[in-house]
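Spelled out, the chains give:
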Amino acid sequence: MAVEAVFQMNDGIDSQLYDELISHLKRTLKLVYPGLPRRQSKKVKPECKSIYDSIVHGEENSLWDVIRQARKISFMIQQVVSCRMVVSISSSTPDEDVIGTLSFGLQKILGPDSTISLKKPKLVTNAVLRSHLLQL
Amino acid sequence: MIGKKRKRRYTKSFSSYRCLGLRFYFLFRTVDKENSSNSESAPIKTVKLAQTASDLYFSCKIDKVSEVEIVDAVQTINYSIDNLITNILAGVEEFKLSYCKLSPSHKNRNRRNILQNLKPDFKLDIPRLQSLLIDSPSPLSDDMRDYIVDLILHDLVSSLIHKKFFKGGHFFGVGSETHQEYLESMFSKLATGGKGFLEKGFFWIISVNNFLLRRKLGSCRNSALAFYGCRSCIPDE
Chain A
43 MAVEAVFQMN DGIDSQLYDE LISHLKRTLK LVYPGLPRRQ SKKVKPECKS
93 IYDSIVHGEE NSLWDVIRQA RKISFMIQQV VSCRMVVSIS SSTPDEDVIG
143 TLSFGLQKIL GPDSTISLKK PKLVTNAVLR SHLLQL
Chain B
-15 MIGKKRKRRY TKSFSSYRCL GLRFYFLFRT VDKENSSNSE SAPIKTVKLA
35 QTASDLYFSC KIDKVSEVEI VDAVQTINYS IDNLITNILA GVEEFKLSYC
85 KLSPSHKNRN RRNILQNLKP DFKLDIPRLQ SLLIDSPSPL SDDMRDYIVD
135 LILHDLVSSL IHKKFFKGGH FFGVGSETHQ EYLESMFSKL ATGGKGFLEK
185 GFFWIISVNN FLLRRKLGSC RNSALAFYGC RSCIPDE
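So the sequence lines, in the order shown, correspond to chains A and B.
Position one of the first sequence corresponds to residue 43 (the working numbering), numbered consecutively onward.
Position one of the second sequence corresponds to residue -15 (the working numbering), numbered consecutively onward.
Just so you know, these hints were derived from the structure itself, not from any lab.
Note that the coordinates shown come from a computational prediction; the quantities given were computed from them, not determined experimentally.
Among these hints, one or two may not hold up.
Stated by the list, open to error - Cross-link-like lysine-lysine pairs, in silico, BS3-like; alpha carbons within 25 Å at most:
| id | chain 1 | residue 1 | chain 2 | residue 2 |
| --- | --- | --- | --- | --- |
| 1 | B | Lys173 | A | Lys68 |
| 2 | A | Lys150 | A | Lys162 |
| 3 | B | Lys151 | A | Lys150 |
| 4 | B | Lys151 | A | Lys161 |
| 5 | B | Lys151 | B | Lys173 |
| 6 | A | Lys161 | A | Lys150 |
| 7 | A | Lys164 | B | Lys151 |
| 8 | A | Lys72 | B | Lys147 |
| 9 | A | Lys150 | A | Lys164 |
| 10 | A | Lys150 | B | Lys147 |
| 11 | B | Lys173 | B | Lys147 |
What the hints assert, rightly or not - Cβ pair distances, simulated, as ranges:
| id | chain 1 | residue 1 | chain 2 | residue 2 | range |
| --- | --- | --- | --- | --- | --- |
| 12 | A | Lys72 | B | Glu53 | 36 to 42 Å |
| 13 | B | Asp56 | A | Asp139 | 25 to 31 Å |
| 14 | B | Met170 | A | Val170 | 24 to 30 Å |
| 15 | B | Glu77 | A | Arg69 | 15 to 21 Å |
| 16 | A | Leu152 | B | Glu77 | 43 to 49 Å |
| 17 | B | Lys173 | A | Ile151 | 20 to 26 Å |
| 18 | A | Asp155 | B | Glu77 | 23 to 29 Å |
| 19 | B | Tyr63 | A | Glu62 | 18 to 24 Å |
| 20 | A | Thr167 | B | Lys173 | 36 to 42 Å |
| 21 | B | Val55 | A | Asp139 | 22 to 28 Å |
| 22 | A | Glu102 | B | Gln59 | 22 to 28 Å |
| 23 | B | Asp127 | A | Ile151 | 37 to 43 Å |
For every residue, glycine included, the Cβ atom is placed at its ideal position computed from N, Cα and C.
Let's have the full structure, built from the sequences with the hints guiding it.
See below:
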């Protein structure tokens, strides 16, 4: 019974994140590729309302895989008792020049003012974006 | 990024719950053994998600992880997110959701618009990039859009996962934001009171958390806390 209770709690958080990811991804695709016909192709699955649904729901297993990996890491980073690990993204590193995050980083906090970067997050800054767009 | 669909690497499922250092973990694998024993080139066709705790396979090896393993895990999730977005963009290509084709004159005009937005004193961010994609007076070129869409999707997925699992001081991945903020605030107040105060306050935190969980899970409360070894902390009702 207790195991079932914990399982339900975990499952609730995972499902919530899954729903948020699905809806945000669909909304973003809809924004980026607007004005498409509702059913453009026969490839759209019958249970999907639109092409966007079909594209995102095609990656359900990958999404669950990513979510469970994240949960695993969130558990793992509390196992090191002598220090604290932090998974970092752009919003956790205050820098006005940063636009967005391409990948997670990992920091080891040894004390109030002592931090070691085990893996740097891959960030996109204004300067990087400018140089990239200028090359296109 | 677009065009090549990478093969999915593995299908592990994890579940855990933690609160104030008292945590739980169980690892389960539900991949069909027959599929996993096939050759590497054979795609995994059936991945069953565990429906109940009885489906789980317990392992406590994760309690003894090293820093290297955590770094590897972060690299793996970064790779998986890349994979996910690559597949989504491949789906976009599969459905032929192409952008409007631009004439050379449009491309030049568009390039000038972009360059104006890229002046050194102009700070770009994700909302600005989205508006650049949507509200640009002339359509952007395919390469520009691909790059920006890739960035937006990566940032979206990373931010949501970070917010859910990694944001917070001591409590994260344990419930709603309000729940976490409340516990964080209470913990910081208790922590400033010294060690003895914290030890007394620990009971209060368990009680508050217990109350919040009870609302969510009803009769499962006692069982869940008992599993943390906190049965003695549960006040009689």
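* **Non-conforming hints, listed in increasing numerical order** => Failing hints, ascending: 1, 14, 18.
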